[in-house]
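Novice: Given the structure of chain A, go ahead and fit chains B and C onto it with the hints provided.
Chains as they are written, first to last, in my numbering: chain A, 1 to 410; chain B, 1001 to 1282; chain C, 2001 to 2301.
Hints may contain errors.
Unchecked claim - Just some of the chain A residues that point at chain B, by a computed CB distance under 8 Å:
# : residue
1 : F62
2 : D63
3 : A69
4 : A70
5 : N73
6 : D243
7 : Q245
8 : D246
What the hints assert, rightly or not - List of simulated lysine-lysine pairs, DSSO-like, C-alpha gap at most 27 Å:
#  : chain 1 : residue 1 : chain 2 : residue 2
9  : A       : K407      : C       : K2078
10 : C       : K2146     : A       : K255
11 : A       : K170      : C       : K2146
12 : C       : K2112     : B       : K1008
13 : C       : K2056     : A       : K68
14 : C       : K2017     : B       : K1168
15 : A       : K403      : C       : K2078
16 : C       : K2056     : A       : K407
17 : A       : K410      : C       : K2056
18 : C       : K2012     : B       : K1168
19 : C       : K2056     : A       : K403
20 : C       : K2146     : A       : K390
21 : A       : K68       : B       : K1081
22 : A       : K390      : C       : K2078
To be verified - Simulated restraints on C-beta separations:
#  : chain 1 : residue 1 : chain 2 : residue 2 : range
23 : B       : S1056     : A       : D395      : 49 to 55 Å
24 : B       : E1181     : C       : G2107     : 50 to 56 Å
25 : A       : K255      : C       : N2188     : 56 to 62 Å
26 : C       : L2089     : A       : V408      : 38 to 44 Å
27 : A       : K407      : B       : R1190     : 55 to 61 Å
28 : C       : G2107     : B       : A1036     : 18 to 24 Å
29 : B       : G1016     : A       : K170      : 52 to 58 Å
30 : B       : E1181     : C       : L2089     : 52 to 58 Å
Hints in this document: simulated from the structure, not taken from any laboratory.
We treat Cβ as the ideally placed atom computed from N, Cα and C, and that holds for glycine.
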Amino acid sequence: MTKFKALAGLALSALLMGSAAFAGEIVINSDHSDPAPKKAMEELIADFQAKHPDITVKWNNFDHEGYKAAIRNFLTADPPDVAAWYAGNRMAPFVGAGLFEDVTDVWASNGLDEQLKSSAASMTIDGTKWGVPYTYYQWGIYYRADIFAEQGIAPPKTWAELLAASEKLKAAGITPFAIGTKALWPTGGWFDYLNLRVNGYEFHMELTSGKVPYTDPRVKAVFEKWAELVGPGYFLENHAAIDWQDAIPQMVQGKAAMYLMGNFAVATMKDGGLTEDQIGFMQFPEITPGIPMAEDAPTDTFHIPSGAKNKEDAKVFLAYLASPEAQAKMNATLGQLPVNNQAAKPSDKFLDAGFTMLSNAYALAQFYDRDADAEMAKAGMEGFQEFMVKPDQIDRILERLEKVRAKVYK
Amino acid sequence: MFPTPIQKASPAARIGYQVLLPVALMIWLIPLIGVAVTSLRPASDLAAGNYFGIPSGLAFENYAAVFRDSPIGWYILNSFKVTVPTVIGAVALSCLTGFALAVYGFRANLWVFFAFVAGNFIPFQILMVPVRDMTLRAGMYDTTLGLVLFHIAFQTGFCTLFMRNFIKGLPFALIESARVEGVSEWRIFRHIVLPLMRPAIAALSVLVFTFVWNDYFWATVLVQGQHAMPVTAGLYSLNGQWVAAWHLVSAGSIVAALPPVLMFFLMQRHFIAGLTLGATKG
Amino acid sequence: MSDTARSAGFWKRNQLKIAPWAFLAPGAIMFLLYVLIPIVQSVWISFHDWDGLGDKVWIGLGNYVELLDDDTFYVALKNNLIWLALYLLAIPMGLATALFLNQTVWGIRLYKSLFFFPFVISQVVVGLMFTWFYAPDFGLFSQLIKWLTGTEIAVLADERFVTLGIIVAGLWPQTAYCMILYLTGLNNLNPEQIEAARMDNARGWRLLWHVILPQLAPATFIAMVVTVIGALRSFDLVSIMTAGGPYGSSQVLSYFMYEQALSEYGYRMGYGAAIAVVLFLIMMVFITLFIVRMIAQERNR
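Extracted from the complex, chain A is given alone in its bound form (with noise of 0.2 Å):
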């Protein structure tokens, strides 16, 4: 019901917004529909009209998946002061078209280039910031603690102790890794991570953008490492029939020991019966040794549309969007992590380890199918389901994957 609110109240901004925009108030959309994050909007908006009594904020709550669509229509018919949406390559279909706002001055007068520092690669383009990040969450390896401990494995820091501690556990009748690739993008975690591991971020970030063609040796090597889990049948059988959250019960249930996931998985293992002891969490173990260890870390932003009406309230709005209080604030409520290196920590573990591991971290990718071009990104992350369900046409992958990137990135 409020949503169907939101959106007659959309309508009704819509009149308002054609004959003269208030001064004061600015127009926010946003897809918080989630209870969580729809509480953590709310409290946003509440504290920031507390201390900015002077604007009014006037917020359109959007349908988490419509939102996607509904972006691309109201950007240009009936663009907001602000709206939500997401870092990396994904912002930059709209840069493109010139529908997002320069944002650079908010940036340097807020002091923002040094707290926002993990994330100011991915606000970038063309050397200019294109808008504001306020949340993200780690990937990285969960783990059941209990059976690492009944094996007597210690989580693996480098590749080697990976591989011995997954024949380990195969050979207790444990599948190493638990995966549900139906949805495609759980393969994309995987080959990020490879890839960061075994070539580093800036290969990855010429990968992603279209720069390096995907039959260079480099990536083969990356799909070779990957090889070395696929072949002995480390993943879960029938991953491609299962969705995600499918694979959680066989974690569950004892038969499946890792699993490489965001954060959000841990929320799921909880439901499924785990205790906040069984589960542990790890970094990704380190390949190509003294290669700078960067992570994914997909980031949730607000921008400027370029045709908005009152963009001096929508900086104002967005400094503080940026401060150490309000990320941490709606960041406790979102169970995420703030993206300003200043805010208070996290009580909770694993967003605690989360917060250290992502602050020291070199960089951070997006994660596949948000840094590199979505029709690319559709296309390699069946290249990368295929392969780990035949892991021997690797070859034939690879050049259909280089034809879909000679095509995508002309």
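Specialist: Using the frame of chain A, we list chains B and C on its own:
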């Protein structure tokens, strides 16, 4: 009659047939029965791996949970908001077009008729981008009205084919004699032909109801948020949330399938008459 | 009455000419606006590069050239042909079911209704039912296969079986549809011809082939039309059951088009329109055949 009536066969064959009927039906409906049973299985059964055994109890709770924890009731309401106006609109328009094409021998008659018929068979995809764009620009994107207008227009093709053939089968002499009497064309339609079209209207209403209720493609193309989403698209998005919760998916499926199923059983004769139009000579 | 007719003005004189167009107008305008004009617009869009946001850029046959070099297009095309071929099985299966049920025993009407039942259910629900049916570990079908062969097959995750698996799900309602067409046809057989043939000692298959089937020709024709169209329209089941996966191996043109034009993974309206045009042309072959036959029928009236 073909095949030879079983009554003329040997007693053994007769009994065999009577036994085979329910067995064949059970096999035919296995996917349905499986889902129906799953929809009544307590969640604890599924968690414990009891997928096929006797359910430990009948969990009508699953149905309650579907209505309580998901907007499926709202989706169903949306489906009615799309389906009912579409039925009225498409049937009304096609009464007019069908009458025009059946009664008047103007030159373009057959070509107009074939355009309606052919349009009925084209792939939806060829309409998708322009119709979505048009709906968007008219401000009807993401509304039930946008869906209704498209469905009316598209279903009019099929309905016109149906109505035109039906009216062709009526005695033309009725119309002729009325014209001789000087009755206006509108009154001929309204007072002479329309009352005779009741069975066709009933059959078409049931069919269009089912077609539109079950539409999924346009529901995903012309609607994005849950406030206007019909139950087919809604069920799909719920399926995304209920991963691994098959007792809920099953219950939701049954709920979504129920209205057209009821419609079918209540109006069976009309339904089949509509569907099999043209399957016999005439 | 007769003098009102004679004292007619313009309307009365031209009524028979104007009336058909007046009756046609509302329906025809809607149909023109939502069906006929969009076809032309789609063809027009297919010559452009357009992401739905900015301006359309004319690229001539660019989208079609790209399509010819797109592997997914050939996978989809191949799968469409498989759909077309196997979906036609619904016709003999429907006929067999109809012959099986064409008896007058107690409760047969209910049996007929229940056999017809799958057709009434939304394809979304059919898709979900079969997804459950095929699910590894707990699906009824996969358990059956495991029991019979000892190995488990995840039908919807195995490129060898996935398209077959979806087609089987589609055949379920389609067979029911064909069955009902044939049941109606069987009801209207000419009993004298059958009796005459029986006198000539025609039995079983011979009787079916030479006497019954020719009489069922109208039903067979309609069944062909709806089955061919249904096979080429196969969108719902693919979308629900696999979304074209695993790794694109169950892709069909209708879903491919949607994915290119409107999904999260691309807003390539022009490219999508080009795919739609190809699908449209394939369908036009069948639609034309259908219309030609209808014209012949109209002439015979």
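Novice: If a hint holds in the structure, say so; if it does not, say that too.
Specialist: Here is what the structure says about each hint:
1. For F62 (chain A), the suggested interface contact is upheld, since its CB lies about 7 Å from the closest CB of chain B, less than 8 Å.
2. Checking D63 (chain A) against chain B: minimum C-beta separation of about 4 Å stays under 8 Å; hint holds.
3. Because the closest C-beta pair between A69 (chain A) and chain B is about 5 Å apart, less than 8 Å, the hint holds.
4. For A70 (chain A), the suggested interface contact is upheld, since its CB lies about 6 Å from the closest CB of chain B, less than 8 Å.
5. For N73 (chain A), the suggested interface contact is upheld, since its CB lies about 6 Å from the closest CB of chain B, less than 8 Å.
6. A cut of 8 Å between beta carbons decides the hint on D243 (chain A): the least distance to chain B is about 5 Å, and the hint holds.
7. Checking Q245 (chain A) against chain B by beta carbon gives a least distance of about 4 Å; that is within 8 Å, so the hint holds.
8. This hint holds: D246 (chain A) has a C-beta 5 Å from the nearest C-beta of chain B, less than the 8 Å allowed.
9. Taking the CA atoms of K407 (chain A) and K2078 (chain C), the gap is near 23 Å; set against the 27 Å cutoff, the hint holds.
10. With a C-alpha separation of about 20 Å, the suggested pair K2146 (chain C) and K255 (chain A) falls inside the 27 Å cut-off, and the hint holds.
11. Straight-line distance between C-alpha atoms of K170 (chain A) and K2146 (chain C) comes to about 23 Å, which keeps the hinted pair within the 27 Å bound.
12. A hinted pair counts as satisfied when its Cα atoms are at most 27 Å apart, and K2112 (chain C) with K1008 (chain B) qualifies at roughly 21 Å.
13. With a CA separation close to 21 Å, the supplied pair K2056 (chain C) and K68 (chain A) stays within the 27 Å bound.
14. Taken as a hint, the K2017 (chain C) and K1168 (chain B) pair is honoured in the structure, with Cα atoms around 19 Å apart against an allowance of 27 Å.
15. For a cut-off of 27 Å, the pair hint linking K403 (chain A) to K2078 (chain C) stands: about 20 Å separates their Cα positions.
16. For the proposed pair K2056 (chain C) and K407 (chain A), the alpha carbon gap of about 19 Å is at most 27 Å, so the pair holds.
17. Annotation: proposed proximity of K410 (chain A) to K2056 (chain C) holds, straight-line Cα distance about 18 Å (limit 27 Å).
18. Taking the CA atoms of K2012 (chain C) and K1168 (chain B), the gap is about 24 Å. The hint holds against a cut of 27 Å.
19. For the hint linking K2056 (chain C) to K403 (chain A), the alpha-carbon distance of about 25 Å falls within 27 Å, and the restraint holds.
20. Between K2146 (chain C) and K390 (chain A) the alpha-carbon distance is near 22 Å, which keeps this suggested pair within the 27 Å criterion.
21. Using a Cα cut-off of 27 Å, the hinted pair K68 (chain A) and K1081 (chain B) holds, with the two alpha carbons roughly 25 Å apart.
22. Only pairs whose Cα atoms come within 27 Å are accepted, and K390 (chain A) paired with K2078 (chain C) is accepted, the gap being roughly 21 Å.
23. Evaluation of the 49 to 55 Å hint for S1056 (chain B) and D395 (chain A) yields a pass: the beta carbon distance comes to about 52 Å.
24. Between E1181 (chain B) and G2107 (chain C) the beta carbon distance is about 51 Å. The supplied range of 50 to 56 Å therefore holds.
25. Distance hint check for K255 (chain A) and N2188 (chain C): the Cβ-Cβ separation is about 60 Å, which falls inside the suggested range of 56 to 62 Å.
26. The hint said 38 to 44 Å for the Cβ distance between L2089 (chain C) and V408 (chain A), and at roughly 39 Å that hint holds.
27. For K407 (chain A) paired with R1190 (chain B), a C-beta distance near 60 Å keeps the hint of 55 to 61 Å intact.
28. Evaluation of the 18 to 24 Å hint for G2107 (chain C) and A1036 (chain B) yields a pass: the beta carbon distance comes to about 20 Å.
29. For G1016 (chain B) and K170 (chain A), the hinted distance range of 52 to 58 Å is satisfied, since their beta carbons lie about 54 Å from each other.
30. In this structure the hint that E1181 (chain B) and L2089 (chain C) lie 52 to 58 Å apart at CB holds, the actual value being about 55 Å.
Checked against the numbered hints listed earlier, the structure breaks none of them; every hint is satisfied.
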